[in-house]
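Asker: Here the protein sequences come in this chain order: X and A. Mapping of the first sequence onto my numbering: position 8 corresponds to residue 8, and the numbering continues sequentially without gaps. Here my numbering runs 274 ahead of the position in the second sequence, where the first position is 1.
Rather than coming from a laboratory, the hints here were simulated on the basis of the structure. Backbone N, C-alpha and C define an ideal beta-carbon position, used for all residues, glycine too. Hints should not be assumed to be uniformly reliable.
Dumping the calculated DMTMM-like pairs for lysine to aspartate or glutamate here, alpha-carbon to alpha-carbon at most 20 Å [unchecked claim]:
#, chain 1, residue 1, chain 2, residue 2
1, X, K195, X, E234
2, X, K208, X, E242
3, X, K68, X, E143
4, A, K322, X, E9
5, A, K320, X, E9
6, X, K193, X, E205
Now the in silico label distances, taken between C-beta atoms and shown as ranges [unchecked claim]:
#, chain 1, residue 1, chain 2, residue 2, range
7, A, M356, X, L5, 44 to 52 Å
8, A, A369, X, V57, 53 to 61 Å
9, X, H41, A, I326, 32 to 40 Å
10, A, K371, X, A49, 48 to 56 Å
11, X, Q36, A, L302, 26 to 34 Å
12, A, K322, X, Q36, 29 to 37 Å
13, X, A49, A, F413, 20 to 28 Å
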Amino acid sequence: MQRLLAFIEQNLYLLLFIVLQIICGFLLFGLNPYQQATFTHAASNLTAASNQLSSEVTGYIGLKDQNKLLQNQISTQFQNSPQNSFLYLKDTFTIRDTSRRPLFDAIPAQVVYNTVHKANNVFIINKGSDEGIQRNMGVISSEGVAGIVLRSNSQYSTVMSLLNTDMKVIPNINGSEYFTELVWDNAETSHLKIKGINKLEEIEEGDKVYTGKSSLLFPAGIPVGTISKLTALESSQYFETEMVTATNFRKLTYVYVIINRDAELIETLLPDDK
Amino acid sequence: MINRVLYWVLVLALQFFLLNHLDISAYLIPQVFIILLITLPLHISKIKQVLIAFAIGLLADFFVSTPGIHASACLWLILLRMFILGRQDLKQHEANKLPYYVNVVGLVPFIYTVTILVLFYHFYVFWLESIGAVNGVTFTLTSLFSSFFALTIISVVQFVSLRNSGE
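Just chain A, same shape as in the assembly (with noise of 0.2 Å):
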């Protein structure tokens, strides 16, 4: 429990800390705290799902001045990963409560899954930004650039989690 909460600050930290003030490039603003979201335990009910999927995302419109830009941008990322999970065979492992991650569901479905919603997510936050001011090739670039940025690090990420948890 300890650990998971460790991970939580660590992940939240990296992000709101680190990853929001780096300045290599306008392209890149990678949201890797969203692997929080992916890689919740599958036993959780999905209303509270749902809340814990608003918390974060007003937490991170706080650390960026966003207001309801990545809360709905959760929302609907978690209510995706509902649906790309109800198609996955899960039922063991929630009932293990376990977590959706790569050494428990396995490599491709969790590549598979990721993968699909780290670019939803990314698309859909600069879209929301982008509003009013829509740049085709900009928002195109930042949102594919950002989610590899993010897919990248969000594989380092689990790589060491899994280490650190000698698995």
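The following block holds chain X by itself, in its conformation from the complex (with noise of 0.2 Å):
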């Protein structure tokens, strides 16, 4: 206490100087107008700056809490959209009674677990049976169709991915559906190809490709992917098919499984070779 009070003592003058300067600095900014003008704008820079890096670090800090609402709220949207819905009259005498059923209900999940250089690749996500999540139900990202359940528990489900040499998706391209597959050779992550396609076909590179309706599995008009490479090969009927899917397998955090609420009722009236 002593050394420190000794220490004090001895720059008691360093101390004044900093007052004083205080005071000068005051004086300085405070009654020179154009100082005065300058200090006010780099303050206001400053403070600006300081709110942005504030709001950024919130953002950030707030933004596994904003997917999450995202997801709830692009969840909710794909319920209610008309394209995955069916219309169907509750009373068949006016049209103002009408109301959509919605036919899918989408639970959104996030991805614990992913590989994509395997020859057939799964992902994990979080939630299971306990969500109503079973075999057999599609899942998708918010890019495009991601996979397919293959098994589940009460809490994880496993995902066989689009990249997967077991996994069949029929494609509709330009609004036409294809009785082929998409298969994925295990030659380049997101690349798939699309088999039997003739070239009498009206497809060119850049088409679309999206889930058509013989699927009970995804809503129509999911995206699959795009065209990348379309080869009319001499030797054969079909063109050599390419495609880049359109979910990025690589990033894959957030998907959604698509529950069709009416595939039983639906399984029952489809033929037995399905």
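Build the complex: two chains, separate frames, hints provided.
Answerer: Here it is in structure tokens:
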């Protein structure tokens, strides 16, 4: 304590210097109009910059919650989308009493494990049978089709990725369904091959590929990818077609599991060789 | 003592009534009064030095309507002076209560100290004055020309005052 007091006493002139400099600062920036304007301008810039920084930091901290909120909003919008609903009449006598009944539910989920380099890639999501998820349900990302549920436990589900040699999706190109298959040949991530498209078909590079109506797993019109390469082989009547997936599997983080509410009802009406 | 007071009054009058109104060039605004701070007696306590510097700075601000600029510059100048003099061997002069004059400390240390302090003071003052409208060339030229002009006047003032004191 004595040392501290001695130190303060020895450097009292420095304290006095600082106090007087502060007074000078007030005089300088308070009474000189030019310096005052500059100081005000610099201070407002500093305030704006610190507000921006603060906003970015708090925004970043809240990003996870915002993602969940957005996912829930998208899920609700998806359920209420006219594309994914049946329009049916409650009262056949007046059209004003019509309502839309959702056919598909979308359950938001987060990817907790993902592979892209194997021959049969899968990813695991943090939602399971407790949420109503079962085998053979479609999974989409905000960009497009992601995969099909293979199995579930109470908390998690394993999803067969589009990048899987066992994956089969029936593509719809330019409004026409092609009863062929998208094949992942393990050559390049995000690139699939479409087999069996006749050279007579009017398709070209850049055409979008969507899900069709012949699947109960996905609603029609979900993007699958874009045709990136179309080669007409001389020795064959078919195109050699390559497609880039709409979903970026390397960055797959948030997905939606599609539950077809009427799948069982519809399946009972399908012929056995569906 | 009377001589010293007279010396102070004359230097301040020279600064406030003549040099501050010198319209030779926009680049020549010499601040000669700081020689009073530079040549303060060596035995004065640091707290007193700081207070004297602040008071003289405020007085200078009063005459040119620049509140805070000269006061701040004088405070820095006195702090820098303490630092420079702390590296010179002046213990004996301090004990004899002598001022920091050329005939006391010698020509070379005196020129060294005065040049650094005068340059620092002019650069600092003109920098503060030009806040918000810094023109690098004008600022540098004004600081340099004014510093060298001030150094010349300070040399003359020192020479005259020494001659009058008969040394």
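Asker: For each hint, tell me whether it holds in the structure or not.
Answerer: Verification of the supplied hints:
no.: 1; hint: X:K195 <-> X:E234; result: holds, 15 Å
no.: 2; hint: X:K208 <-> X:E242; result: holds, 12 Å
no.: 3; hint: X:K68 <-> X:E143; result: holds, 17 Å
no.: 4; hint: A:K322 <-> X:E9; result: holds, 14 Å
no.: 5; hint: A:K320 <-> X:E9; result: holds, 11 Å
no.: 6; hint: X:K193 <-> X:E205; result: holds, 13 Å
no.: 7; hint: A:M356 <-> X:L5: 44 to 52 Å; result: violated, 22 Å
no.: 8; hint: A:A369 <-> X:V57: 53 to 61 Å; result: holds, 59 Å
no.: 9; hint: X:H41 <-> A:I326: 32 to 40 Å; result: holds, 35 Å
no.: 10; hint: A:K371 <-> X:A49: 48 to 56 Å; result: holds, 53 Å
no.: 11; hint: X:Q36 <-> A:L302: 26 to 34 Å; result: holds, 27 Å
no.: 12; hint: A:K322 <-> X:Q36: 29 to 37 Å; result: holds, 32 Å
no.: 13; hint: X:A49 <-> A:F413: 20 to 28 Å; result: holds, 27 Å
Comparing the model with each earlier hint shows a violation of hint 7 alone; every other hint is respected.
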